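Note that the numbering used here numbers the sequence shown so that position 267 is 248, with each residue one more than the last.
Simulated from the structure, these hints should not be mistaken for laboratory data.
Don't take every hint at face value.
[Unchecked claim] For lysine-lysine, the following PhoX-like pairs were computed, each having C-alpha atoms within a straight-line distance of at most 25 Å:
id, residue 1, residue 2
1, Lys149, Lys199
2, Lys221, Lys149
3, Lys197, Lys149
[Stated by the list, open to error] Per label pair, the in silico range of CB-to-CB distance:
id, residue 1, residue 2, range
4, Arg272, Glu195, 18 to 24 Å
5, Thr46, Arg143, 33 to 39 Å
6, Val162, Glu124, 27 to 33 Å
Note that this is a predicted model, so its numbers are computed, not measured.
Ideal Cβ placement from N, Cα and C applies to all residues, glycine included.
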Amino acid sequence: MKRHFEDLQLGSIELFCLAAEAGSFTAAAQIAGVTPAAVSRSIFRLEERLGSRLFVRTTRSIRLTDAGRTFFEQCRQALTQLVEAQQEVMGAQSVPSGQLRISVPTTYGHHRILPLLPAFRALYPQVSVDVHLSNRNIDFVAEGYDLAIRVRAQPDSSMIARLLEDAKLAVVASPDYLRRVGTPQTLEDLDLHECIQFELPSSGRRISWLFNVEGKEKEVFGQGGYCCSDDVLGGVTLAKNGAGLFQTYRFIVEQELADGRLVEVLAPFAGRSRPFTLLYPHGRYVPQRVRAFVDFLLEHRQQWAAD
(Lines of atoms letter the chains of each structure in order from A and count residues from 1; the text may use other names and numbers.)
(Lines give C-alpha, C1' and ligand atoms only; values in the text may rest on other atoms or scores of the structure.)
Protein backbone atom coordinates (compact mmCIF):
# COMPACT_ATOMS: atom_id res chain seq x y z
CA MET A 1 0.00 0.00 0.00
CA LYS A 2 1.47 3.37 -0.98
CA ARG A 3 1.38 6.45 1.22
CA HIS A 4 -1.48 8.86 0.63
CA PHE A 5 -0.86 11.30 3.50
CA GLU A 6 2.06 13.21 4.91
CA ASP A 7 2.44 13.60 8.68
CA LEU A 8 1.66 17.32 8.40
CA GLN A 9 -1.51 16.59 6.45
CA LEU A 10 -2.81 14.18 9.08
CA GLY A 11 -2.15 16.85 11.69
CA SER A 12 -4.03 19.39 9.58
CA ILE A 13 -7.02 17.04 9.32
CA GLU A 14 -7.08 16.67 13.10
CA LEU A 15 -6.94 20.46 13.60
CA PHE A 16 -9.68 20.89 10.99
CA CYS A 17 -11.95 18.48 12.91
CA LEU A 18 -11.22 20.26 16.19
CA ALA A 19 -12.10 23.61 14.62
CA ALA A 20 -15.31 22.21 13.11
CA GLU A 21 -16.40 20.75 16.44
CA ALA A 22 -15.42 23.80 18.51
CA GLY A 23 -16.74 26.37 16.04
CA SER A 24 -13.62 28.53 16.12
CA PHE A 25 -9.90 28.43 15.36
CA THR A 26 -9.09 29.89 18.78
CA ALA A 27 -10.93 27.15 20.67
CA ALA A 28 -9.30 24.48 18.49
CA ALA A 29 -5.89 26.03 19.19
CA GLN A 30 -6.50 25.91 22.94
CA ILE A 31 -7.48 22.23 22.79
CA ALA A 32 -4.47 21.34 20.61
CA GLY A 33 -1.99 23.49 22.52
CA VAL A 34 -0.96 25.57 19.49
CA THR A 35 -1.61 29.14 18.34
CA PRO A 36 -4.73 30.19 16.40
CA ALA A 37 -2.40 31.25 13.57
CA ALA A 38 -1.03 27.69 13.40
CA VAL A 39 -4.55 26.29 13.12
CA SER A 40 -5.40 28.80 10.38
CA ARG A 41 -2.25 27.96 8.41
CA SER A 42 -2.86 24.20 8.69
CA ILE A 43 -6.42 24.49 7.43
CA PHE A 44 -5.34 26.81 4.62
CA ARG A 45 -2.78 24.18 3.47
CA LEU A 46 -5.48 21.52 3.65
CA GLU A 47 -7.85 23.62 1.53
CA GLU A 48 -5.09 24.19 -1.04
CA ARG A 49 -4.42 20.45 -1.28
CA LEU A 50 -8.14 19.64 -1.63
CA GLY A 51 -8.84 22.53 -3.99
CA SER A 52 -11.94 23.42 -2.03
CA ARG A 53 -12.90 25.83 0.74
CA LEU A 54 -13.80 24.06 3.98
CA PHE A 55 -14.92 27.07 6.04
CA VAL A 56 -16.74 30.32 5.43
CA ARG A 57 -14.83 32.81 7.60
CA THR A 58 -16.00 36.11 9.06
CA THR A 59 -14.31 38.34 11.63
CA ARG A 60 -16.37 36.76 14.41
CA SER A 61 -17.14 33.20 13.38
CA ILE A 62 -16.52 30.28 11.06
CA ARG A 63 -18.96 27.81 9.56
CA LEU A 64 -18.49 24.74 7.40
CA THR A 65 -19.18 24.90 3.69
CA ASP A 66 -21.12 22.03 2.13
CA ALA A 67 -17.82 20.46 1.03
CA GLY A 68 -16.40 21.09 4.50
CA ARG A 69 -19.31 19.36 6.20
CA THR A 70 -18.98 16.29 3.97
CA PHE A 71 -15.22 16.18 4.59
CA PHE A 72 -15.71 16.64 8.36
CA GLU A 73 -18.24 13.82 8.66
CA GLN A 74 -15.91 11.38 6.90
CA CYS A 75 -12.75 12.54 8.72
CA ARG A 76 -14.38 12.42 12.16
CA GLN A 77 -15.38 8.81 11.59
CA ALA A 78 -11.91 7.88 10.34
CA LEU A 79 -10.08 9.61 13.20
CA THR A 80 -12.35 7.93 15.76
CA GLN A 81 -11.52 4.53 14.28
CA LEU A 82 -7.79 5.32 14.32
CA VAL A 83 -7.92 6.31 17.99
CA GLU A 84 -9.91 3.22 18.95
CA ALA A 85 -7.64 0.91 16.96
CA GLN A 86 -4.60 2.43 18.69
CA GLN A 87 -6.22 2.03 22.11
CA GLU A 88 -7.08 -1.59 21.46
CA VAL A 89 -3.53 -2.46 20.39
CA MET A 90 -2.18 -0.69 23.48
CA GLY A 91 -4.57 -2.64 25.69
CA ALA A 92 -6.69 0.35 26.72
CA GLN A 93 -9.76 -1.32 25.21
CA SER A 94 -9.42 -4.65 27.00
CA VAL A 95 -12.63 -3.50 28.70
CA PRO A 96 -15.28 -1.98 26.36
CA SER A 97 -15.61 1.76 26.89
CA GLY A 98 -16.71 4.96 25.18
CA GLN A 99 -20.05 6.19 23.87
CA LEU A 100 -22.38 3.77 22.06
CA ARG A 101 -24.87 5.49 19.74
CA ILE A 102 -27.86 3.41 18.64
CA SER A 103 -31.00 4.18 16.65
CA VAL A 104 -34.10 2.16 17.55
CA PRO A 105 -37.78 2.24 16.47
CA THR A 106 -39.99 3.69 19.19
CA THR A 107 -41.93 0.49 19.93
CA TYR A 108 -38.88 -1.77 19.96
CA GLY A 109 -37.01 0.75 22.03
CA HIS A 110 -39.63 1.00 24.78
CA HIS A 111 -40.50 -2.69 24.96
CA ARG A 112 -37.25 -4.47 24.10
CA ILE A 113 -34.09 -2.34 24.21
CA LEU A 114 -34.52 0.29 26.95
CA PRO A 115 -35.46 -2.28 29.64
CA LEU A 116 -32.18 -4.13 28.94
CA LEU A 117 -29.81 -1.16 29.10
CA PRO A 118 -29.33 -1.13 32.90
CA ALA A 119 -28.21 -4.78 32.73
CA PHE A 120 -25.85 -3.99 29.85
CA ARG A 121 -24.28 -1.06 31.68
CA ALA A 122 -23.94 -3.16 34.83
CA LEU A 123 -21.73 -5.47 32.76
CA TYR A 124 -19.92 -2.63 30.97
CA PRO A 125 -20.03 0.48 33.21
CA GLN A 126 -17.41 2.28 31.10
CA VAL A 127 -19.79 2.33 28.10
CA SER A 128 -22.25 5.24 27.93
CA VAL A 129 -25.34 4.73 25.78
CA ASP A 130 -27.00 7.37 23.57
CA VAL A 131 -30.36 6.05 22.30
CA HIS A 132 -32.18 7.68 19.39
CA LEU A 133 -35.85 6.63 19.40
CA SER A 134 -37.27 7.16 15.93
CA ASN A 135 -38.69 5.24 12.99
CA ARG A 136 -36.76 7.18 10.36
CA ASN A 137 -33.73 5.72 8.59
CA ILE A 138 -30.48 7.25 9.84
CA ASP A 139 -27.19 7.86 8.04
CA PHE A 140 -24.53 5.95 9.96
CA VAL A 141 -21.57 8.01 8.73
CA ALA A 142 -23.13 11.47 8.65
CA GLU A 143 -24.85 11.13 12.03
CA GLY A 144 -22.21 9.07 13.79
CA TYR A 145 -24.27 6.02 14.81
CA ASP A 146 -22.75 2.67 15.77
CA LEU A 147 -25.86 0.49 15.48
CA ALA A 148 -29.47 0.59 14.33
CA ILE A 149 -32.46 -1.70 14.65
CA ARG A 150 -34.96 -1.67 11.83
CA VAL A 151 -38.12 -3.49 10.72
CA ARG A 152 -37.86 -5.26 7.36
CA ALA A 153 -34.33 -3.97 6.74
CA GLN A 154 -33.37 -3.87 3.06
CA PRO A 155 -30.24 -5.77 1.93
CA ASP A 156 -27.14 -3.56 2.01
CA SER A 157 -23.63 -4.83 1.28
CA SER A 158 -22.11 -2.10 3.48
CA MET A 159 -23.99 -3.36 6.56
CA ILE A 160 -23.79 -6.43 8.77
CA ALA A 161 -27.36 -7.59 9.48
CA ARG A 162 -28.31 -9.85 12.40
CA LEU A 163 -31.91 -10.97 12.87
CA LEU A 164 -33.13 -10.26 16.40
CA GLU A 165 -36.61 -11.71 16.11
CA ASP A 166 -39.65 -12.30 13.94
CA ALA A 167 -42.20 -10.35 15.97
CA LYS A 168 -45.65 -11.96 15.98
CA LEU A 169 -48.66 -9.85 15.02
CA ALA A 170 -52.10 -9.73 16.67
CA VAL A 171 -55.34 -7.85 16.02
CA VAL A 172 -56.70 -6.31 19.21
CA ALA A 173 -59.60 -4.20 20.41
CA SER A 174 -61.04 -3.00 23.71
CA PRO A 175 -63.88 -4.94 25.38
CA ASP A 176 -66.03 -1.80 25.11
CA TYR A 177 -65.58 -1.59 21.34
CA LEU A 178 -66.42 -5.27 20.88
CA ARG A 179 -69.58 -4.90 23.00
CA ARG A 180 -70.71 -1.97 20.87
CA VAL A 181 -69.81 -3.26 17.40
CA GLY A 182 -69.40 -7.02 17.76
CA THR A 183 -66.47 -9.41 17.39
CA PRO A 184 -65.25 -10.20 13.84
CA GLN A 185 -65.17 -13.92 13.05
CA THR A 186 -63.81 -13.85 9.48
CA LEU A 187 -61.51 -11.57 7.50
CA GLU A 188 -64.52 -10.42 5.49
CA ASP A 189 -66.03 -9.09 8.73
CA LEU A 190 -63.28 -6.43 8.80
CA ASP A 191 -65.31 -4.49 6.23
CA LEU A 192 -67.86 -3.86 8.99
CA HIS A 193 -65.32 -2.55 11.49
CA GLU A 194 -63.24 0.51 12.27
CA CYS A 195 -59.72 -0.60 11.33
CA ILE A 196 -57.13 1.79 12.76
CA GLN A 197 -54.48 2.48 10.12
CA PHE A 198 -50.73 3.01 10.45
CA GLU A 199 -48.82 5.06 7.89
CA LEU A 200 -45.12 4.53 7.21
CA PRO A 201 -43.32 7.85 7.77
CA SER A 202 -40.69 7.06 5.13
CA SER A 203 -43.16 6.54 2.28
CA GLY A 204 -46.54 7.81 3.45
CA ARG A 205 -47.95 4.37 2.56
CA ARG A 206 -50.50 2.71 4.82
CA ILE A 207 -49.32 -0.77 5.76
CA SER A 208 -51.43 -3.83 5.21
CA TRP A 209 -52.55 -6.25 7.90
CA LEU A 210 -51.08 -9.74 7.59
CA PHE A 211 -52.99 -12.97 8.22
CA ASN A 212 -52.48 -16.72 7.88
CA VAL A 213 -55.07 -18.39 5.67
CA GLU A 214 -54.58 -22.12 5.14
CA GLY A 215 -50.83 -21.80 5.58
CA LYS A 216 -50.46 -18.85 3.21
CA GLU A 217 -49.95 -15.17 3.94
CA LYS A 218 -52.87 -12.91 3.10
CA GLU A 219 -52.71 -9.12 3.02
CA VAL A 220 -55.77 -7.10 3.99
CA PHE A 221 -56.16 -3.34 3.62
CA GLY A 222 -58.86 -2.36 6.09
CA GLN A 223 -60.76 0.90 6.17
CA GLY A 224 -61.23 3.31 9.01
CA GLY A 225 -61.44 6.88 10.15
CA TYR A 226 -58.27 6.79 12.25
CA CYS A 227 -54.67 6.80 11.03
CA CYS A 228 -51.41 7.14 12.96
CA SER A 229 -47.93 7.69 11.59
CA ASP A 230 -44.41 7.39 12.97
CA ASP A 231 -45.36 5.82 16.33
CA VAL A 232 -47.24 2.50 16.48
CA LEU A 233 -48.08 3.14 20.12
CA GLY A 234 -50.59 5.74 18.92
CA GLY A 235 -52.67 2.98 17.35
CA VAL A 236 -52.48 0.93 20.54
CA THR A 237 -53.71 3.88 22.60
CA LEU A 238 -56.63 4.40 20.22
CA ALA A 239 -57.58 0.72 20.44
CA LYS A 240 -57.44 0.73 24.26
CA ASN A 241 -59.85 3.66 24.27
CA GLY A 242 -62.45 1.99 22.07
CA ALA A 243 -61.64 3.55 18.68
CA GLY A 244 -61.53 0.26 16.76
CA LEU A 245 -59.41 -2.74 15.80
CA PHE A 246 -55.64 -2.49 15.43
CA GLN A 247 -52.99 -4.95 14.27
CA THR A 248 -49.73 -4.60 16.12
CA TYR A 249 -46.83 -6.59 17.54
CA ARG A 250 -47.92 -8.98 20.26
CA PHE A 251 -45.01 -8.04 22.52
CA ILE A 252 -46.33 -4.46 22.72
CA VAL A 253 -49.76 -5.46 24.06
CA GLU A 254 -48.91 -8.49 26.22
CA GLN A 255 -49.74 -6.69 29.47
CA GLU A 256 -53.01 -5.24 28.12
CA LEU A 257 -54.09 -8.68 26.89
CA ALA A 258 -53.22 -10.23 30.25
CA ASP A 259 -55.20 -7.70 32.31
CA GLY A 260 -58.17 -7.52 29.94
CA ARG A 261 -57.78 -3.95 28.69
CA LEU A 262 -57.45 -5.42 25.19
CA VAL A 263 -58.82 -8.58 23.62
CA GLU A 264 -57.31 -10.46 20.69
CA VAL A 265 -59.66 -11.14 17.77
CA LEU A 266 -59.29 -13.25 14.61
CA ALA A 267 -56.84 -15.55 16.42
CA PRO A 268 -57.46 -18.47 13.97
CA PHE A 269 -55.89 -16.27 11.26
CA ALA A 270 -52.89 -15.16 13.33
CA GLY A 271 -49.33 -16.46 12.98
CA ARG A 272 -47.76 -13.84 10.74
CA SER A 273 -44.80 -11.74 11.85
CA ARG A 274 -42.37 -9.00 10.81
CA PRO A 275 -38.58 -9.17 11.32
CA PHE A 276 -36.53 -6.81 13.47
CA THR A 277 -32.90 -6.65 12.34
CA LEU A 278 -29.77 -5.30 14.01
CA LEU A 279 -27.55 -3.34 11.60
CA TYR A 280 -24.01 -2.01 11.92
CA PRO A 281 -21.42 -0.92 9.36
CA HIS A 282 -19.35 -3.60 7.69
CA GLY A 283 -15.66 -3.03 8.28
CA ARG A 284 -12.42 -4.65 9.37
CA TYR A 285 -12.50 -2.88 12.73
CA VAL A 286 -15.53 -2.98 15.01
CA PRO A 287 -15.09 -1.25 18.40
CA GLN A 288 -15.31 -3.55 21.40
CA ARG A 289 -18.27 -1.63 22.82
CA VAL A 290 -20.20 -2.44 19.62
CA ARG A 291 -19.18 -6.11 19.70
CA ALA A 292 -20.20 -6.31 23.35
CA PHE A 293 -23.66 -4.83 22.67
CA VAL A 294 -24.25 -7.05 19.64
CA ASP A 295 -23.39 -10.16 21.66
CA PHE A 296 -25.55 -8.94 24.54
CA LEU A 297 -28.62 -8.52 22.31
CA LEU A 298 -28.11 -11.81 20.50
CA GLU A 299 -28.15 -13.60 23.86
CA HIS A 300 -31.74 -12.38 24.32
CA ARG A 301 -33.03 -13.68 20.98
CA GLN A 302 -34.15 -17.00 22.41
CA GLN A 303 -36.12 -15.27 25.18
CA TRP A 304 -37.89 -13.00 22.68
CA ALA A 305 -38.66 -15.89 20.34
CA ALA A 306 -40.47 -17.61 23.21
CA ASP A 307 -42.72 -14.61 23.92
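Evaluated hints:
Simply put, Lys149 and Lys199 have alpha-carbon atoms about 15 Å apart, close enough for the 25 Å limit, and the pair holds. Among the hinted pairs, Lys221 with Lys149 is consistent with the structure: their alpha-carbon atoms are about 19 Å apart, no more than 25 Å. Using a Cα cut-off of 25 Å, the hinted pair Lys197 and Lys149 holds, with the two alpha carbons roughly 15 Å apart. One distance hint, 18 to 24 Å for the beta-carbon pair Arg272 and Glu195, is violated here, with the actual separation near 44 Å.
Hint check: Thr46 to Arg143, Cβ distance near 38 Å, so the stated range 33 to 39 Å holds. Taking the beta carbon of each, Val162 and Glu124 are about 45 Å apart, not inside 27 to 33 Å as hinted.
Comparing the model with each earlier hint shows violations of hints 4 and 6; every other hint is respected.
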